[in-house]
Every structure is written in C-alpha cells, then in structure tokens.
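*Asks:* The residues making up each chain are set out below.
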Amino acid sequence: MELQKFTYDNKLTKLFMLVTILWGVVGMLVGLTVAFELIFPGMSGEISWLSFGRLRPLHTNAVIFAFVGNGFFAAIYYSMPRLLKTPMFSKALGLIHFWGWQLIIVAAAISYPLGLTQGKEYAELIWPIDVLVVLIWVVFGLNMILTLVKRRVKHIYVAIWFYMATWVTIAVLYIVNNIQVPTSFLHSYPIYSGIQDALVQWWYGHNAVAFFLTTPVLGMMYYFIPKAANRPVYSYKLSIIHFWALIFLYIWAGPHHLLYSALPDWAQALGVVFSVMLIAPSWGGMINGLLTLRGAWDKVREDPVLKMFVVGVTAYGMSTFEGPMLSLKSVNALSHFTDWTIAHVHIGTLGWNSMMNFGMIYWMAPRLFKTKLWSVKLANTHFWIATLGMLFFSIPLYFAGFTQALMWKEFTAEGYLAYPNFLETVTQILPMYSLRAFGGSLYFIGALLFVVNIWKTMTAGKFARYEDDEAPAKPAAKPGEGWHRKLEGRPLQLTVAALVVILIGGIVEIVPMYLVKSNVPTISAVKPYTPLELEGRDIYIREGCYLCHSQMIRPFRSEVVRYGDYTKAGETVYDFPFQFGSKRTGPDLAREGVKSLPNYKPDSWHYTHLVDPQQLNPESIMPPHPWLAESELDVTNTPSKIDVMTYLGVPYPEGYADQAVADLQAQAAIIAQGLRDAGIEVEDNSEIIALIAYLQRLGTDVYKDK
Amino acid sequence: MAIENKNLHNEDYEYDTLTNERLIKDHDYDGIRELDNDLPPWWKWLFYLTIIFAVVYLIRLFVVHSDDLIQDREFANEMSGYEQEATAKGGSTATAFEVKLLTDDASLAAGKETFVKICAACHLVDGGGLVGPNMTDNYWIHGNTVEDLYNTSTNGVIEKGMLPYKDQLSDQKRLEVVSYILVKLQGTTPANPKAPQGIAY
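Top line first, the protein sequences correspond to chains A and B. Residue numbers for the first sequence follow my numbering, beginning at 1 and rising by one. Residue numbers for the second sequence follow my numbering, beginning at 1 and rising by one.
Hints are supplied without guarantee of correctness; some may be wrong.
[Stated by the list, open to error] Quick list of simulated restraints, FRET-style, between CB atoms:
hint : chain 1 : residue 1 : chain 2 : residue 2 : range
1    : B       : 42        : A       : 6         : 42 to 50 Å
2    : A       : 414       : B       : 77        : 17 to 25 Å
3    : A       : 418       : B       : 76        : 22 to 30 Å
4    : B       : 139       : A       : 615       : 34 to 42 Å
5    : B       : 28        : A       : 434       : 26 to 34 Å
[As the list claims (entries may be wrong)] The following residues of chain B were derived to be distant from chain A, with all beta-carbon distances above 10 Å:
hint : residue
6    : 61
7    : 86
8    : 98
9    : 99
10   : 103
11   : 142
12   : 144
13   : 150
Derived from the structure by calculation, the hints contain no laboratory data. Every residue gets a Cβ at the ideal spot worked out from N, C-alpha and C, and that includes glycine.
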C-alpha cells in the first residue's frame with residue numbers, strides 16, 4: 001500500500017496549551033479571591049467590581065470555559081489530526097477559533113466585574129457575547145467536520161465520538177438556553193420565566209457539566225492515557241455502551257438541581273431516576289481509563305503524568321457516584337443550598353478536570369518542544385500538593401454542608417427553630433471556610449509550580465511546529481462490518497445520531513412544561529413588577545445576589561417556619577430570568593417583603609444592611625455594597641424593558657412603557673421619604689431605592705389577603 | 001446485543017503480551033490499540049440494578065402515587081405529624097405564663113445571648129440602636145414596664161418594623177431578653193447612641 005506523506009502543524013496546539021495555563025492561573029486566582037472574600041467580607045471595600053457577586057461568575061466561567069475549554073481544544077487540535085492521519089482542515093478556521101475564543105474570555109473578564117450579566121449560572125454572558133460564542137463554536141465545528149471529511153483512516157476512534165457529541169450538544173444547549181430579547185446593547189431578558197426558565201437553565205447547567213466538563217475530557221482521556229501508558233484500551237465494547245448510554249441519559253438529569261422546588265413531581269422524578277442510571281455509564285469511562293493502565297502500574301509510581309491521570313479518573317468516579325446520591329430526594333433535602341454542593345463540584349473540577357489538564361500538558365509540552373520535562377521531581381511535588389489541596393478544600397466543605405443543613409432543620413423541644421437567626425449557622429461554619437481557603441491556596445501553589453515547570457521545559461527545548469507523518473489513503477469499508485463499526489466509518493452520521501439521542505430527553509422534559517398548563521398553575525394574586533421593582537430586580541441580578549441568596553422555599557417544616565409558605569410555580573411567572581439560586585450563603589429571600597413573616601425587615605434596615613452589613617451584625621459575611629446608595633438609577637431603558645416584558649407576555653396595560661418612568665419616580669419618592677423620616681439621607685433616584693422596592697415586594701403577592 | 005461482533009473471527013485478533021487478552025486487529029488509532037474485553041459483569045449488573053430502581057421509582061410515582069414522591073402530600077404529612085404532636089403536648093403548657101422581671105444571673109446571661117443573636121441586628125450589640133431604637137436611654141415608644149416590653153417582643157409593632165417573636169422565641173426566652181434589657185442594658189453608655197425616641201419615663 002502506498003504511503004502518503006503529510007505534515008501536522010502544532011501551532012494551534014501550542015497556542016491553546018499556553019492559554020490553558022494562563023487562564024487556569026487566572027481562574028484559580030479569582031476563585032481564591034472569592035474564597036477569601038467569604039472570610040473577610042470587607043475585602044472588596046468600596047470597589048464594586050471586586051465584590052463577591054461580580055467575581056464569582058468570573059471564577060466559574062474562567063475555569064470552565066477558559067481553563068477546561070482551552071485545555072480540550074489543545075487536546076483536540078493535537079489528537080484529532082493524529083487519529084485521523086491528516087492535518088486539521090484549515091489553519092485559518094483554527095486561528096479564528098483560537099482568537100475568537102480568547103476574545104470571548106476577555107469580554108467575559110471585563111463584562112462580569114462591570115455587572116453585565118444575564119443572571120443565569122454559567123450562562124451569564126450578555127447577548128452580544130453569546131452571539132460571538134455561537135459563531136466561534138460553528139467555526140470550531142466546521143473545522144472538525146471538514147477534517148473528518150478528508151481523513152485517511154476509515155473508522156473514527158472513541159475519543160472523536162466524544163469530541164463530536166460535545167460539539168453538537170453544546171451547540172443545542174447554548175442556543176436554546178440563551179434565546180432572549182434585547183432591551184439594549186448590553187441587556188436582555190430571556191424568553192423563559194420562572195419555573196420554565198429554571199428547567200431550561202438546569203437542563204443547560206447540568207449538561208454544561210456533562211458536555212463541557214465531562215465528554216470532551218473523556219475524549220482526552222481516551223487519547224492521552226493509552227498514549228502515556230503505552231497500553232491498549234481495556235474494552236472496545238465498553239467504549240460503545242458507555243458512550244451512548246452516557247450521552248442519552250445525561251440530558252435528562254437536569255431537574256435534580258430543582259428537587260423540592262416548584263417543579264412538577266413528574267419532572268423531578270425523571271431527574272432522580274436518570275441521575276441514578278448514570279452511575280454505570282459514568283463508571284464505564286472510569287473503568288476503561290483505569291483498566292487501560294493494567295500492566296503499567298509500575299510506571300504510575302514514577303510518572304507524574306500517569307499519576308495525575310489516575311487521580312483525575314478516580315475523582316471522576318467519585319464525583320459521578322456522589323452526583324446520583326445527591327440526586328436522591330432524601331439526600332438532596334440536606335445537601336441542597338449548602339457547601340456540600342461546592343465540595344462536590346470541586347472534586348470534579350480540582351480532581352478530574354484540572355488533573356487531566358495538568359497531566360496532558362506535562363505529557364504534551366516536552367513533545368511539542370522536543371525535550372524532556374524540566375523537572376519530574378517538581379511535577380511530583382505539584383501532584384502531591386494538588387491532591388492535598390483538593391482534600392483540604394473539600395473535606396471542610398463537606399463538614400460545613402452537613403453542619404449547616406442540620407442546624408437549619410433543628411427544632412427545640414418546644415417547637416421553635418433551634419437557630420432562628422440564619423447568621424448563627426454561618427458563624428458556625430466560618431472556620432471551615434478558612435480551611436477551604438487554605439486548601440485552595442495549596443492547590444494554587446501547586447499550579448504555580450506547574451507553570452514554572454512548563455516554562456522551563458519550553459525554554460530548554462525548541463518548539464517543533466511541523467511534524468511529518470505518513471499513512472495510506474483511506475481504505476474502503478470492509479464488507480460484513482457490524483452496525484456500530486459501520487457508523488464509526490461514517491462520522492457525520494454518528495454525529496447526527498448523537499444529536500438525535502441527546503434531543504430526546506430535553507424534548508420530553510421541556511416541551512410539556514410549556515404545553516401542559518397544569519404544570520404551572522396560575523395564581524391570580526400574582527401581578528407584574530412595578531417599573532421600580534423591575535429595575536431593582538435588574539440590580540439584584542447585576543450584583544449577583546442570586547449567588548448567595550435563594551428565592552425558593554422548599555416544602556419542609558423547617559423552611560416554612562423560617563421563611564414562610566413554600567414557593568409555588570405560579571408565583572414565578574414574571575421572573576425573567578428565574579432567581580431560585582443554588583446556594584444559601586445567606587438566607588432565602590423568596591418572601592423577604594412579607595411583613596407577617598420572621599424575615600421581614602424595614603426599609604431602613606435594608607438600607608443600612610446593603611451599605612454596611614457589619615454595622616448591624618459584626619459577624620455577618622455579607623459584602624458591603626456602598627455604591628448602591630451613591631449611584632443614580634439609570635432609567636433610560638426602563639420603557640424598552642417594559643416593552644420587552646409586554647412582548648414576552650407580561651400583562652402591563654397597553655402603552656404602559658410611556659408611563660413607566662413617572663410611576664417609577666413616584667414609587668421611589670415614597671420609599672426615599674420613608675428613609676429620610678427614619679434619619680437616612682438618601683436621594684429619590686438612588687439605585688438602592690429600587691433594590692429595596694424589589695426586596696420588599698418579594699413574596700408579598702400571595703400574602704396580601706392574610 | 002448487536003454490538004457482539006459476530007463478524008470477527010480468530011484471524012481478526014492478536015494478543016496483548018502483558019495480559020494475554022485479545023486485541024482487535026484492525027483497531028489501531030495513532031498507535032492506540034483496543035482490547036476485545038467483555039463488559040465487567042459487576043458493571044453490567046450495576047447498570048441493570050439502576051434501571052430497575054428507575055422503573056420501580058416511576059411506577060411508585062405514576063401508578064401507585066406514593067405519598068413520598070408527591071411533594072404536596074409529603075409536606076402535608078410532615079406538618080400534620082408535628083401538629084398532632086403539638087396538640088398532644090398542649091395540655092401541659094396551657095398553664096398561664098407569668099410575666100415577671102427576672103433578675104437571676106443565669107436568666108440575664110441567657111437573655112444577653114438572645115439579644116446578641118437576634119435583637120442586635122437592629123438594636124446593635126450594645127443596645128445603642130440603629131434601625132431600632134436605643135435600648136439604653138430612658139425614652140420608650142411602647143412603654144417601659146416588663147409587661148410592655150414583653151408584649152412588644154411578643155406581638156411586634158409591625159408598622160414601625162419591630163417583628164413579632166412569639167413564633168421564633170419561647171415565652172421564657174422573650175422574658176429573659178426583656179429582663180436583660182431592663183436590668184442590664186438600661187443606663188449603660190453605648191458607643192454610638194441613637195437619639196432618644198418616644199417619651200421619657
């Protein structure tokens with residue numbers, strides 16, 4: 001057979017590798033900053049763009065989309081040409097992908113601290129950046145598809161199945177979750193509201209974990225573990241079964257983020273059972289990774305690359321067992337809204353994602369730079385520091401999660417909440433937050449050792465941009481292949497099949513939420529927000545309040561006594577986007593405005609608390625937001641916001657947009673006068689007035705009659 | 001199952017030298033080979049078990065309508081359980097609670113603890129007041145007797161922002177805290193006292 005000669009271009013791999021390292025350090029540093037902000041709430045001072053609520057989205061997005069994302073792009077640009085025996089189809093498309101993605105990251109890094117956000121977790125990017133994401137994602141996919149078209153091997157390897165499933169699914173998730181109507185160049189409302197928005201968001205959010213943090217990294221695993229260990233993959237059959245089972249089942253699991261919420265029982269049940277059924281398919285990946293190392297365990301002891309991979313894959317196995325357990329209602333009743341969730345995700349990110357990235361780069365950098373790793377010893381030190389850092393990070397947070405959940409639920413013998421003041425349950429776990437910050441610091445130090453090691457490796461070697469290879473032309477399909485083998489020879493059909501498989505779960509769960517009216521029973525007392533409340537709500541979103549405060553009272557005695565009647569689906573219909581939150585670092589706010597409930601506070605309390613929380617509670621870890629009292633509320637877009645709301649079906653009277661600003665000012669004047677009567681100097685048009693108006697509205701509609 | 005590869009024959013295999021397991025011959029991707037191992041049986045059984053769990057779970061919801069999977073019923077059951085318990089206990093607590101100033105150290109210490117945890121959010125730890133009025137001066141808006149304070153802490157003055165605490169703090173706890181205010185806080189000098197409100201007594 002005649003061999004054809006061709007050349008790989010390593011430039012894009014190198015570029016993606018470098019930015020993976022860069023954004024990894026940045027993302028972790030921001031994470032460390034917010035971890036310290038929880039211990040020292042005054043840290044951000046008067047600087048709005050350093051506050052917890054604005055930096056936290058930057059941390060999550062940076063580590064997910066910049067660190068893990070660029071990491072698997074590096075993996076794909078390295079492994080795909082070699083697996084297909086052809087260079088990538090287009091250098092130009094590759095460069096557009098690279099620079100476009102970095103532009104998105106920079107835009108995120110600027111817009112989040114400025115408070116420009118959609119207010120949906122891991123989907124905070126504002127709409128112009130969303131458009132850019134979709135365009136760049138198409139460029140990336142086009143380059144992969146055209147590379148597949150001109151490949152020299154007949155069948156595509158399991159790593160590429162995972163890459164293509166990633167691409168097609170992320171496209172669907174991202175587009176559907178981000179359908180929105182702009183009110184200005186920098187702001188928009190999603191077309192979904194309340195419980196429907198929550199379902200779409202967690203269908204997206206959960207599957208961002210599945211198809212951004214899992215499937216592409218499994219693809220990485222399938223290439224780099226056999227390469228680094230020089231061992232065959234344990235089982236081809238297992239690859240097939242766990243691939244299809246994983247992508248089919250994962251899509252359904254989103255509702256487990258909404259257990260005991262106002263989501264209908266049937267949707268919650270689907271979230272539970274599909275999460276439980278995910279254990280085996282997830283572990284299929286772990287087994288195929290770990291058992292591939294049979295016969296190479298002696299190497300694992302010495303080779304930091306394999307060590308990283310082993311801990312990475314093991315952490316994957318741990319968190320994919322824990323995930324289904326957290327999806328059981330009885331466990332979720334305890335774990336949800338606590339730091340248990342934070343501990344869980346960091347086993348996945350610090351263990352699985354980061355270790356896989358570190359391992360891959362330790363393996364790849366010396367090969368790209370035609371040299372040896374600068375220091376194996378330093379890499380081993382990094383391995384141990386990172387492993388310890390991960391444990392110091394997670395174990396205290398597990399403990400914090402249990403402790404706080406139990407304190408929230410505890411009643412005295414007389415039938416009163418044992419800890420009626422939420423703050424007590426926070427003060428109790430603060431030492432755990434300190435230990436977490438220590439663990440995070442260790443992990444970060446490890447990452448710095450990694451940077452030094454890779455830097456020294458790069459400077460010691462010389463970048464080999466081009467690499468020659470040869471292979472025969474693509475053979476024809478052999479007769480009598482099994483159906484899956486045939487599919488492996490038709491990668492575009494395989495991609496379409498993956499698309500069909502992932503669409504099923506989403507359609508079955510989301511469509512009935514819109515078409516079947518009984519899923520969101522109407523409550524006639526629930527009315528649209530006033531223009532001032534709507535502006536206040538947008539400030540609530542801008543400041544990232546939802547990252548620490550939930551608005552979803554669960555149907556438990558302990559929550560109903562603490563916060564008031566549990567939240568109903570019909571109460572959320574005007575919430576574009578929904579603000580259930582996923583974590584209670586502070587108390588739930590769903591009924592903050594109801595005067596007859598224990599959480600109610602007067603306007604003057606809210607004013608003081610927002611500006612300087614520690615003045616009221618020296619132990620509070622709420623960050624101060626003094627700028628809210630100083631900045632003037634911008635009402636230029638209020639009419640267009642009302643218009644968009646009306647377009648989305650919110651029943652404002654006809655032509656209300658023209659009247660909105662006058663109404664807003666009238667309502668603000670009353671609240672401001674009340675504050676001045678209480679001895680607080682404040683302007684009518686201050687932003688804080690709008691936020692107070694919103695907080696005092698929360699949950700009141702259904703309590704009017706009482 | 002269809003992926004059981006009927007089309008492979010002995011000549012399609014090679015053997016891995018370390019494990020002596022079958023390698024599939026033409027599966028070679030950039031040097032990566034694949035073994036023809038079966039699914040581990042324990043893994044298969046784990047998968048089957050989770051599927052059985054799912055089927056049973058969905059039957060319990062959609063066919064049996066089990067209370068623990070229907071959220072409203074689960075909540076109603078939880079609440080009625082506690083209500084029954086409360087009515088059962090009701091008889092013994094029916095005796096009238098005597099509102100009388102406490103002066104013993106233990107009660108005052110307990111009162112201070114509650115004050116710091118709950119009341120300080122508006123009246124500050126030293127009682128100097130901020131959102132709520134100053135507790136250290138001799139000016140009172142809603143009366144200055146132990147009964148007045150007890151009543152205010154019990155029912156609140158919601159239009160002024162004072163919450164009712166009857167559902168959050170027991171009778172004894174409320175009495176302890178108002179005693180603490182009257183016995184210990186009155187007459188002290190806070191760091192930043194709020195200007196007097198109400199009538200001087």
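*Asks:* Next step is simple, just say for each hint if it's right about the structure.
*Replies:* Tested hints:
1. For the pair residue 42/B and residue 6/A, the supplied restraint of 42 to 50 Å holds, since their beta-carbon distance comes to about 44 Å.
2. Here the CB-CB span from residue 414/A to residue 77/B is close to 22 Å, well matched to the stated 17 to 25 Å.
3. Against the hinted window of 22 to 30 Å, the Cβ-Cβ separation of residue 418/A and residue 76/B comes to about 24 Å, which satisfies the hint.
4. Distance hint check for residue 139/B and residue 615/A: the Cβ-Cβ separation is about 22 Å, which falls outside the suggested range of 34 to 42 Å.
5. Our hint of 26 to 34 Å for residue 28/B and residue 434/A is violated, since their Cβ atoms are close to 52 Å apart.
6. A cut-off of 10 Å between C-beta atoms contradicts the statement that residue 61/B is not in contact with chain A; the least separation is 5 Å.
7. Residue-level check failed: residue 86/B sits 6 Å from the nearest beta carbon of chain A, not beyond 10 Å.
8. Remark: the non-interface label on residue 98/B is consistent with the geometry, its nearest Cβ contact in chain A lying 17 Å away (cut-off 10 Å).
9. For residue 99/B, the non-interface assignment is confirmed: its Cβ lies about 17 Å from the closest Cβ of chain A, beyond the 10 Å cut-off.
10. Every Cβ of chain A is farther than 10 Å from the Cβ of residue 103/B; the closest lies at roughly 23 Å, confirming the non-interface assignment.
11. For residue 142/B, the requirement that its beta carbon stay farther than 10 Å from each beta carbon of chain A is met, with the minimum near 15 Å.
12. Interface exclusion of residue 144/B from chain A stands, the closest Cβ pair being 22 Å apart, more than 10 Å.
13. With a least beta-carbon separation of about 17 Å from chain A, residue 150/B lies farther than 10 Å from that chain, consistent with its non-interface assignment.
The structure fails hints 4, 5, 6 and 7 (numbered hints given earlier, in ascending order).
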